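Engineer: Now for the letters of each chain:
Protein chains: 2
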Amino acid sequence: MKLSEVGELSLLKTIRRRFTVKSKDVIVGIGDDTAVIKPSGKNLLATTDMMVEGIHFDLSLITPYQLGFKLVSVNVSDIYAMGGRPQYLLLDIALNKNTEHSFVNRFFDGIRCAIKLYGVSLIGGDISSSRKDIVIAATLIGDAKKYIRRSGAKPGDRIYVTGNLGDSACGLELLKRISKHVPIEKTGGKMQDKKNHESCIMNRASELLTLTSKLSKMELTWNVVHPLLKRHLMPEARKPKNFIRYATSMIDLSDGLFIDLSRLCDESRVGAKIFMEHIPVSSRMRTASSLLGLDAMKLACSGGEDYELLFTAPADRKINAVYIGDIVKSGRKIIDKNGRGKKFSPSGYQHFASSGSAYREPVKL
Amino acid sequence: MKLSEVGELSLLKTIRRRFTVKSKDVIVGIGDDTAVIKPSGKNLLATTDMMVEGIHFDLSLITPYQLGFKLVSVNVSDIYAMGGRPQYLLLDIALNKNTEHSFVNRFFDGIRCAIKLYGVSLIGGDISSSRKDIVIAATLIGDAKKYIRRSGAKPGDRIYVTGNLGDSACGLELLKRISKHVPIEKTGGKMQDKKNHESCIMNRASELLTLTSKLSKMELTWNVVHPLLKRHLMPEARKPKNFIRYATSMIDLSDGLFIDLSRLCDESRVGAKIFMEHIPVSSRMRTASSLLGLDAMKLACSGGEDYELLFTAPADRKINAVYIGDIVKSGRKIIDKNGRGKKFSPSGYQHFASSGSAYREPVKL
Numbered sequence: 368m369k370l371s372e373v374g375e376l377s378l379l380k381t382i383r384r385r386f387t388v389k390s391k392d393v394i395v396g397i398g399d400d401t402a403v404i405k406p407s408g409k410n411l412l413a414t415t416d417m418m419v420e421g422i423h424f425d426l427s428l429i430t431p432y433q434l435g436f437k438l439v440s441v442n443v444s445d446i447y448a449m450g451g452r453p454q455y456l457l458l459d460i461a462l463n464k465n466t467e468h469s470f471v472n473r474f475f476d477g478i479r480c481a482i483k484l485y486g487v488s489l490i491g492g493d494i495s496s497s498r499k500d501i502v503i504a505a506t507l508i509g510d511a512k513k514y515i516r517r518s519g520a521k522p523g524d525r526i527y528v529t530g531n532l533g534d535s536a537c538g539l540e541l542l543k544r545i546s547k548h549v550p551i552e553k554t555g556g557k558m559q560d561k562k563n564h565e566s567c568i569m570n571r572a573s574e575l576l577t578l579t580s581k582l583s584k585m586e587l588t589w590n591v592v593h594p595l596l597k598r599h600l601m602p603e604a605r606k607p608k609n610f611i612r613y614a615t616s617m618i619d620l621s622d623g624l625f626i627d628l629s630r631l632c633d634e635s636r637v638g639a640k641i642f643m644e645h646i647p648v649s650s651r652m653r654t655a656s657s658l659l660g661l662d663a664m665k666l667a668c669s670g671g672e673d674y675e676l677l678f679t680a681p682a683d684r685k686i687n688a689v690y691i692g693d694i695v696k697s698g699r700k701i702i703d704k705n706g707r708g709k710k711f712s713p714s715g716y717q718h719f720a721s722s723g724s725a726y727r728e729p730v731k732l
Numbered sequence: 368m369k370l371s372e373v374g375e376l377s378l379l380k381t382i383r384r385r386f387t388v389k390s391k392d393v394i395v396g397i398g399d400d401t402a403v404i405k406p407s408g409k410n411l412l413a414t415t416d417m418m419v420e421g422i423h424f425d426l427s428l429i430t431p432y433q434l435g436f437k438l439v440s441v442n443v444s445d446i447y448a449m450g451g452r453p454q455y456l457l458l459d460i461a462l463n464k465n466t467e468h469s470f471v472n473r474f475f476d477g478i479r480c481a482i483k484l485y486g487v488s489l490i491g492g493d494i495s496s497s498r499k500d501i502v503i504a505a506t507l508i509g510d511a512k513k514y515i516r517r518s519g520a521k522p523g524d525r526i527y528v529t530g531n532l533g534d535s536a537c538g539l540e541l542l543k544r545i546s547k548h549v550p551i552e553k554t555g556g557k558m559q560d561k562k563n564h565e566s567c568i569m570n571r572a573s574e575l576l577t578l579t580s581k582l583s584k585m586e587l588t589w590n591v592v593h594p595l596l597k598r599h600l601m602p603e604a605r606k607p608k609n610f611i612r613y614a615t616s617m618i619d620l621s622d623g624l625f626i627d628l629s630r631l632c633d634e635s636r637v638g639a640k641i642f643m644e645h646i647p648v649s650s651r652m653r654t655a656s657s658l659l660g661l662d663a664m665k666l667a668c669s670g671g672e673d674y675e676l677l678f679t680a681p682a683d684r685k686i687n688a689v690y691i692g693d694i695v696k697s698g699r700k701i702i703d704k705n706g707r708g709k710k711f712s713p714s715g716y717q718h719f720a721s722s723g724s725a726y727r728e729p730v731k732l
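Sequences listed follow chains A and B, in order.
All letters in the first sequence, in the order written, are residues 368 to 732 by my numbering.
All letters in the second sequence, in the order written, are residues 368 to 732 by my numbering.
Among these hints, one or two may not hold up.
It does not matter which identical chain is meant; a pair holds if it fits inside one copy or across any two.
Unchecked claim - Below, a list of computed lysine-lysine pairs in the DSBU-like style, where the Cα atoms sit at most 35 angstroms apart:
#1 K710 <-> K512
#2 K521 <-> K464
#3 K685 <-> K499
#4 K608 <-> K709
#5 K389 <-> K710
#6 K409 <-> K543
#7 K483 <-> K391
#8 K389 <-> K709
#9 K704 <-> K513
Treat the hints as calculated values from the structure; they're not laboratory data.
Quantities reported herein were computed from a predicted structural model and do not represent experimental measurements.
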């Protein structure tokens, strides 16, 4: 059923029913001119992210369910990167006339799965139309007793990350190569009403795998491929753990290690020295990238959308995360296993950029 | 200069410099993973609105400056409609590769003019790209001691509006007819660096007027046309005045009287009876619509984007606004000058809708 055949009230009622807010501090949720909240925390955090079809996502590679989940995750990741607790979500969605009603349902299934996972309430939003490309945006409000900025790193601090880098970028490469061999029509309509996101990934991607001879030729197994696809399609934001009390600065890795570490250094007015050998790379990413003919270290340093946390802490603190380098006074270097240093510079997603341009995207205000 | 030739840091620095926040309760503004605010009010309000090129705006009719101003106004209107005070703004902007840097500058000029007018601080956002259509979205956070919902209207209450209806819809019709006679290229690049929004409207529209013989044939004068164009291109949100202490329910008129009054009735579970003769229509709108061959009453009842406030209050209160009808137990009627009643139903913007569909847009969550 197309959206043009669904009544506004019916759509609204369904969404309201499915997103009944149980939180005491949400006084007015969906359905009025604004939401009304009574936050208990002292410091309120607010962040927003927009995702545009054809730029940030490709509907032949990601399902509506995964898209909804991911939109929430990327915003939660920003709140976590400030040391905060995510709480209230507002959505903006522009769909085209031919969008299937089931797309909206699956998208909201993904949203619901994510907000349950992160303990967030959907409190408002706006559904409208676009001529062609689907556009989705979310604003997330959270709170924090103590918040951690990008700007607090000091020379002598150590640099840490919370997990493996490059899995997401490798997953995207896998998806692109798989999808070339599977016409969209063959799989597009087959998304079943699976609520569990594990099974959603399985459902779509294993279907793709069966249909693709290329992967089996490359000797890639499902055990290797699945976690990489999952990290790209349905990333889970990393909640900072005990280390938060020692963190002097923090940022989430959305655009790649080099670019995000550069941002942290810019804000803190410091330099950084990282050790190539210390950068955590999963064995499955090594396997897959090697079979795909890609450079694992490049994916780890410049691939985006890992949504791991990058933070700094004084060297004398015991930190439960991966130590990858040190904050120095100035300069940005990556040291290889032979001790040779090379300058690194931001190199991530470049959308507007013609070659040589310094304009990168997205620019976070 | 195209966006592709502008450095990220340079763009970011310009925006940060121009939007330095002076408010004591904004602890971290633009430039980190999230903004950090310390709101003083007890009830926090949050609303969001997205505008898509080709659907919500047409760049041959509206300038980037006006678009920025309008985006803020429509969100402020929602906060005012809850009886709140607008405070913190987050923006999402997706531009295409060929967007001129001057577009971004003028757009932010309009944003700045509006946030100054309303006393709002820009605290964050996200600038990214789209393949073709420009998409802009804003989230506005405000506060309120006492907030007014859509759902509080009681039978016996009177229905009021804060000003003339239909001016905006009539202004849009004028713009459409003028622009047909002026190729976009002729005017698109001529927006000067005028900061004052009055002069912005003058600048563009008077240029159009000079170039158009049709309007003069229709005997329309600038004094008639200008306020109508202004109401459409740069609506100012109506701040509720003294009446707010008596208001039992309130909504802003974004989609037209019939549709928004229906929403208020739905939420309050009541009916309404409005008097055609009481609906305020400006003499200039009567003049213009008559010369354009349009039905003034239809524009007033079904035209969107007036951004006047519609509210209800007990009949025994002295209210400084236009009394247009009464809340009744059930039914929705409009009474003509001869006392004949006709049922009214929502009829406003219908984007997804094929004929007969009940789906309207935007759907506010």
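Engineer: Quick check: which numbered hints come out false for this structure?
Structural biologist: 1, 2, 3, 5, 6, 8, 9
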